[in-house]
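Engineer: Let the sequences and hints guide you as you build the complete structure.
If you want the working numbering, it's the position in the sequence shown, counting the first as 1, plus 21.
The reader is advised that the hints may include incorrect statements.
[To be verified] With a cut-off of at most 27 Å between alpha-carbon atoms, the simulated DSSO-like pairs for lysine-lysine come out as follows:
1) K116 x K78
2) K88 x K57
3) K116 x K59
4) K49 x K90
It is worth saying that the hints were derived from the structure and are not from the lab.
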Amino acid sequence: MTFVTYEIRFKTGFFKTQCYILNIFERKMILTPREKDKLEQIVIIDKDLIAVEIINKDSSGAEIEIKTKNESYFGIITTGIDQLLLTLIREFGNKITVI
Numbered sequence: 022m023t024f025v026t027y028e029i030r031f032k033t034g035f036f037k038t039q040c041y042i043l044n045i046f047e048r049k050m051i052l053t054p055r056e057k058d059k060l061e062q063i064v065i066i067d068k069d070l071i072a073v074e075i076i077n078k079d080s081s082g083a084e085i086e087i088k089t090k091n092e093s094y095f096g097i098i099t100t101g102i103d104q105l106l107l108t109l110i111r112e113f114g115n116k117i118t119v120i
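Structural biologist: Next up, the structure:
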């Protein structure tokens, strides 16, 4: 079993972001808020995932959009982008796009 962890800042309000820990394994993503203030863990399984877009990927970071059947999640990745991209492609295949 492959278990990989990444830190991503997801937009949670108009001018607010929240740090989440993204774990990817067995064709699912688990997003856990670093601080437990009223935010709950989000679990996205492969059958609910529509697409993941990595936007403006460069050496300083990238934006990420995770689209599911019911929600869209927007965030910023600042480290480990290449490894995250490889993990996403391995787990979710053609649902991953780099723009």
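Engineer: Quick check: which numbered hints come out false for this structure?
Structural biologist: Failing hint: just 3.
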